[in-house]
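Visitor: Same order as they appear, the protein sequences are chains A and B.
Be aware that the first sequence starts at 1, since it is given in this note's numbering, and climbs by one per residue.
Be aware that the second sequence starts at 1001, since it is given in this note's numbering, and climbs by one per residue.
No wet-lab data here; the hints were simulated from the structure.
Please note: incorrect hints may appear among the correct ones.
Which bits of chain A does chain B cover? Going by a derived footprint, with three or more residues having C-beta under 8 Å, they are [to be verified]:
#, segment
1, 96 to 105
2, 171 to 179
Derived DEER-like restraints, expressed as beta-carbon distance ranges [claimed, not checked]:
#, chain 1, residue 1, chain 2, residue 2, range
3, A, Ala18, B, Gln1179, 27 to 35 Å
4, A, Ser206, B, Gly1103, 32 to 40 Å
5, B, Gln1053, A, Pro122, 44 to 52 Å
Not everything, but these chain A residues come out facing chain B in the computed CB check (under 10 Å) [claimed, not checked]:
#, residue
6, Met201
7, Leu205
8, Arg209
9, Arg270
Note that the structure is predicted; figures quoted are calculated from it, not measured.
All residues carry an ideal CB built from backbone N, CA and C; glycine is no exception.
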Amino acid sequence: MSDAALSSSSSSSAAAQARPVRFRGGGFRPRSPRWVGALVFVVLIRFLEWGTRAGFISSLTMPRPSEVFDTLVELTLNGGMWTHLAPSLSRLVVGGVMGALAGIAVGVLIGLFSVVRAGLVPLVAALFPIPKIALLPLFIIWFGIGEGSKYALIAFGTFTPTVVATYGAVDNVDRTLIRMGQSFSLSWSTIVLRIVIPGAMPGILSGLRVSLAIAIILLVAAEMLGAEYGIGAYILQAGSLYDLERLFAGVAILSLLGVLMSGGIGIIERRLLGWRS
Amino acid sequence: MDLRLESITHRYGDVEVVRDISLDVPSGRIVCIVGPSGCGKSTLLRFIGGLEQPSSGRVMQIGEPAEDSINPLTYVFQDFALLPWRSVEGNISLILRDHGVRGERAERIIADVLARTKLSEFRKAWPRQLSGGMKQRVAIARALAVNPAVLLMDEPLSALDSQTRELLMDDLITLWTRQPFTGVYVTHNLAEATRLGHRIVVLSRRPGEIREIVEIDKPLSGRDMADPDLVAKQKHLWNLMRAEAEAADKELVDE
Ligand SMILES: Nc1ncnc2c1ncn2[C@@H]1O[C@H](COP(=O)(O)OP(=O)(O)OP(=O)(O)O)[C@@H](O)[C@H]1O
Ligand SMILES: [Mg+2]
């Protein structure tokens, strides 16, 4: 009797209280389905197009996206696109590659050698906050008014953030892996090339994302201060005439450049860091 | 090749970590080092392999390692220390290549050690795809690939669950029985020490000094953990360790 009462009461109380455990995990792992990014752009552009057509955004404050697009098409067709893009790209590539390579090299040296670290870390800390554009006149004196000063400005601008990211990444390489290398009597160069640098690669690449965005900013700045051709010069001309369509066409090209570079680094990351995921 | 530790003492700053340790590691035998946490076992092992230098005393190498030994003093680490950006095979070939072993000879060695550690199917796998026990087997395969004269193991099974530990312990015994190697094996686990050790060195709490050296003469392959002799030895070790651990606890309270 009492047994039955006990079992029935315990089972009924179990039934009363049974409910699924509340899910508390999930989140904090942002993934990016491609279409969401595209959707944001489409919605924004649609909105501007609609606003300028409906008239509640005046064409003085915002150019109509379709007209910006027409300007871009026209620029492409009359060859103006290439005249401006080619010098910009070559400045970006030459300056960016020089700065990034030098930055990675110096960063690795700082990460490996005490003397270099003691000597250069304060110097890099002193150089980092200088707005590099302010040094353009100096670069013009040193490297001439032509391409040299622009390369130097972009290279210098990418150099400092790359150095900081690289030596931070080298510092973060798992020391037990280095000790493992030593315990197998691997040569110094093998330890650096096969253990330290691959271990630092994730940090170096994420630093490179920042550095290359800075490179684009400096490219435009350099071209605004003295260049006949280039995206920066094109934007400056348009701006001084308050030609908003052309201004936005230039800005759109820059954004696209940024997206392409970031995508390029994404591809490199997937190639080099395939072991991570 | 034998190893001899000659009165090794070491300080980190003001803290004396190990004190006056003298010990022989005879060739073809496994010496286990046990002792309470923080008594300097890992530190001692780093001295033996030349990864660090003691404040005083020295580690002597007596006799030459075999001609074909690529890396005479080789470690197996507690946390595996596999390069995550290299496959199982790549982790081994990196080391062989750096010692000038390439092509067919490297291929033969890799196939052989992977077979001995039962990893042949996982040759191309990435470390992240392997379980802890398999990772440690890769690390053991890598160590065997360089044909070490002395294998230095720092709690190689501590990061693994107890079943995996059993299996790997069996694997180690099989490996040794088939081809006896010289080993120094650091552990917390007295059962591991009594199963694998020919000579068990009990260290005192920090600063680590040798409390006692227990010899076990039974062949490794025939050791049965229910054997009263081994049970008695393990019990004796446990009493030694317990005294040290209790004393270490008291010290903490006193401070
Ligand atoms: N590089 C170091 N610098 C300063 N102190 C250290 C260093 N390495 C170890 N120690 C100290 O030396 C003592 C012994 O460390 P060790 O790692 O050798 O102990 P252990 O016996 O291996 O301990 P465990 O059983 O926990 O692995 C510890 O108190 C530790 O804090
Ligand atoms: Mg230890």
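Visitor: Look at each hint and say if it fits the structure.
Guide: Hints, verified against the model:
no.: 1; hint: 96 to 105; verdict: violated (count 0)
no.: 2; hint: 171 to 179; verdict: holds (count 3)
no.: 3; hint: Ala18(A) / Gln1179(B): 27 to 35 Å; verdict: violated (59 Å)
no.: 4; hint: Ser206(A) / Gly1103(B): 32 to 40 Å; verdict: holds (38 Å)
no.: 5; hint: Gln1053(B) / Pro122(A): 44 to 52 Å; verdict: violated (31 Å)
no.: 6; hint: Met201; verdict: holds (8 Å)
no.: 7; hint: Leu205; verdict: violated (13 Å)
no.: 8; hint: Arg209; verdict: violated (20 Å)
no.: 9; hint: Arg270; verdict: violated (13 Å)
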